[in-house]
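Trainee: Join the two chains into one complex using the hints; note that each chain is given alone, in its own frame.
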Amino acid sequence: GAVVSQHPSRVICKSGTSVKIECRSLDFQATTMFWYRQFPKQSLMLMATSNEGSKATYEQGVEKDKFLINHASLTLSTLTVTSAHPEDSSFYICSAGHSGANVLTFGAGSRLTVL
Amino acid sequence: GEDVEQSLFLSVREGDSSVINCTYTDSSSTYLYWYKQEPGAGLQLLTYIFSNMDMKQDQRLTVLLNKKDKHLSLRIADTQTGDSAIYFCAENSGYALNFGKGTSLLVTP
Numbered sequence: 012g013a014v015v016s017q018h019p020s021r022v023i024c025k026s027g028t029s030v031k032i033e034c035r036s037l038d039f040q041a042t043t044m045f046w047y048r049q050f051p052k053q054s055l056m057l058m059a060t061s062n063e064g065s066k067a068t069y070e071q072g073v074e075k076d077k078f079l080i081n082h083a084s085l086t087l088s089t090l091t092v093t094s095a096h097p098e099d100s101s102f103y104i105c106s107a108g109h110s111g112a113n114v115l116t117f118g119a120g121s122r123l124t125v126l
Numbered sequence: 009g010e011d012v013e014q015s016l017f018l019s020v021r022e023g024d025s026s027v028i029n030c031t032y033t034d035s036s037s038t039y040l041y042w043y044k045q046e047p048g049a050g051l052q053l054l055t056y057i058f059s060n061m062d063m064k065q066d067q068r069l070t071v072l073l074n075k076k077d078k079h080l081s082l083r084i085a086d087t088q089t090g091d092s093a094i095y096f097c098a099e100n101s102g103y104a105l106n107f108g109k110g111t112s113l114l115v116t117p
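Residue numbers (this note's numbering), protein chains in the order written: chain S, 12 to 126; chain V, 9 to 117.
Think of the hints as simulated: they come from the structure by calculation, not from any bench. Even glycine gets a Cβ: it sits at the ideal position worked out from N, Cα and C. Heads up, none of these hints are tricks.
Think about it this way: if two alpha-carbon atoms lie no more than 25 Å apart in a straight line, the pair counts; the simulated DMTMM-like pairs of lysine to aspartate or glutamate are: (1) S/K52 / V/D34; (2) V/K109 / S/E98; (3) V/K109 / S/E74; (4) V/K109 / S/D99; (5) V/K109 / S/E70; (6) V/K78 / V/D11; (7) S/K52 / V/D11; (8) S/K52 / V/E46; (9) V/K44 / S/E33; (10) S/K52 / V/E22.
Quick list of the computed label-pair ranges, beta carbon to beta carbon: (11) S/D76 / V/A85: 46 to 52 Å; (12) S/Q40 / V/Q52: 20 to 26 Å; (13) V/R21 / S/K25: 42 to 48 Å; (14) V/E13 / S/T68: 23 to 29 Å; (15) V/T31 / S/E74: 28 to 34 Å; (16) S/L85 / V/E46: 26 to 32 Å; (17) V/L69 / S/Q53: 22 to 28 Å; (18) S/T28 / V/P117: 44 to 50 Å; (19) V/A85 / S/E63: 39 to 45 Å; (20) V/D34 / S/A13: 20 to 26 Å; (21) S/E70 / V/G23: 38 to 44 Å; (22) S/K52 / V/N74: 24 to 30 Å; (23) S/E63 / V/R68: 34 to 40 Å; (24) S/V14 / V/R68: 22 to 28 Å.
Same shape as in the complex, but just chain V (with noise of 0.2 Å):
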């Protein structure tokens, strides 16, 4: 996951905004993607982004996209203790994805 970046960290407050970033550096990749993964669970797919879009909202959660700069961001509104998790970015590279290393969301009471 060396080419794609991620904070390793990030903690926020229940019913606050949480907003975590990403950046990749294959301007190829069609998709980019959010997984998130529980303790000792494997990935769950969150939302996906085809690379011509800049923005994608699926309820709590809204993907930006800068395909210049080759950034990504997931903000999830209003966050709840129950998306207390590792959030991993992905870039698809042919069929594989290539993930960054995750960042690691603490929601604190």
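This is chain S alone, in the form it adopts within the complex (with noise of 0.2 Å):
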């Protein structure tokens, strides 16, 4: 089946610096990968489209120079949390679809802890 995985898994970084949060997919090709964002005990949040060879599509209330997008190939995006504030600890989750599917397969999720 349809894999995706995201590393790294957990992160502890310091307040200032920036972390990139990589989403692949490891057997098909996706052209669409959405970053959702989870705080504890909430619901997963939808911060962006990763669109494959082109800008990323904010939601609304999403700092799109805070957090970087970069969709550069079909099997990979990246996410880039720049001056990260404790603010910014969070389950960031990524997930992304076959072409002609109808489910979105989910990465396991990177754990952003900002001191």
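Mentor: The following block contains the structure:
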């Protein structure tokens, strides 16, 4: 079946630094990937839609200059949290859809802790 | 997830059936989904139902869809302790998904 891999699974960084999270579709090509954010005991909130070869589409309220998304190939999208602050600490999950499929496959998530 | 509503907690005894309910608002949703999330993990797709169906059964899982009332339910038969997790229902909003806040299922021995 379709597999989506996220790396790193956990990252701790100091305030003010930037962190990059990778999302890879391992056995299929994904022209579109999605980035979600989940606060403790909360639902998943869509942050942005990552489109291969073009700019990402951000949801209202999500700062595009803070959450940089690059979808350089059909199997890789990256989310960079720039100048991270403690309030950016969260669980970030990506998902990708196989062309023609009805379902999205989710990565295992990346837990970011900003000190 | 404010457009998708779920009860937050459910506690059942091992061996009983669990029923998790969900209401959604987007009548144009083509598919509705149930995902399972174990502590510290990502989301695992359990099952999904096409909007023109009213029931889907997959082993211990039964999904019921009332499109008129925009109500979705997930029934887990013979619930086991390993079923303890958070269950999210989701509707597709275009290609992305819109999630409820999740129902935390606790299965007690």
